[in-house]
Amino acid sequence: MDTLRTLLASFLVSFALVAPSAAQGPPTLFSPQQPGQSPELMAKAADVTDRGVVRARDVTPHWQALEQLQLALEAQPGVPQQVALPFFDDATLVASIDRVEARNNVTNLFGNIAGDPLSSVTIVQARGTFA
7 MDTLRTLLAS FLVSFALVAP SAAQGPPTLF SPQQPGQSPE LMAKAADVTD
57 RGVVRARDVT PHWQALEQLQ LALEAQPGVP QQVALPFFDD ATLVASIDRV
107 EARNNVTNLF GNIAGDPLSS VTIVQARGTF A
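Following this note's numbering, the residues of the sequence shown are numbered contiguously, the last one being 137.
Since the hints were derived computationally from the structure, they do not count as laboratory data.
Accuracy of the hints is not assured; some may be wrong.
[To be verified] Label-pair ranges, simulated between beta-carbon atoms:
{"hint": "1", "residue 1": "Asp-122", "residue 2": "Gln-82", "range": "20 to 30 Å"}
{"hint": "2", "residue 1": "Val-60", "residue 2": "Glu-80", "range": "28 to 38 Å"}
{"hint": "3", "residue 1": "Asp-95", "residue 2": "Pro-33", "range": "16 to 26 Å"}
{"hint": "4", "residue 1": "Gly-84", "residue 2": "Gly-58", "range": "31 to 41 Å"}
{"hint": "5", "residue 1": "Pro-83", "residue 2": "Val-59", "range": "31 to 41 Å"}
{"hint": "6", "residue 1": "Arg-109", "residue 2": "Gly-84", "range": "12 to 22 Å"}
{"hint": "7", "residue 1": "Arg-61", "residue 2": "Pro-83", "range": "33 to 43 Å"}
{"hint": "8", "residue 1": "Val-60", "residue 2": "Gly-84", "range": "31 to 41 Å"}
Being a predicted model, the structure only gives us computed values, none of them experimental.
Glycine included, every Cβ here is placed at the ideal spot set by N, Cα and C.
Take these sequences, add in the hints, and give me the full structure.
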């Protein structure tokens, strides 16, 4: 009986965690850094622009969203999971990730841009960073 209660409680908690995010759209993988950047970040942004990059900005990763994405893919292999990639205020893409591979402390997530079957998305996480 305790096992049934535990399973039911786990299901309800999982449903409560998933239901609000479904109503709000896919979780975001990162967000822009807040105003008031350090002088080092400002100098780095200026250096990137000098090399011909049209637009660039520093972001804050959402590690929990990345972990939840990986867990969802492992729990339901082959079922695509969506995650928002807000590159700029006017450019947010939604990635549909359908495969995860983890080896030697490196996690690779594969998919495409939602609605564009010929696109490709690869997210790699290793040693506290992701790209």
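Hint check:
no., hint, in the structure
1, Asp-122 / Gln-82: 20 to 30 Å, "holds (22 Å)"
2, Val-60 / Glu-80: 28 to 38 Å, "holds (37 Å)"
3, Asp-95 / Pro-33: 16 to 26 Å, "holds (18 Å)"
4, Gly-84 / Gly-58: 31 to 41 Å, "holds (40 Å)"
5, Pro-83 / Val-59: 31 to 41 Å, "holds (37 Å)"
6, Arg-109 / Gly-84: 12 to 22 Å, "holds (19 Å)"
7, Arg-61 / Pro-83: 33 to 43 Å, "holds (36 Å)"
8, Val-60 / Gly-84: 31 to 41 Å, "holds (37 Å)"
Of the numbered hints given earlier, the model fails none.
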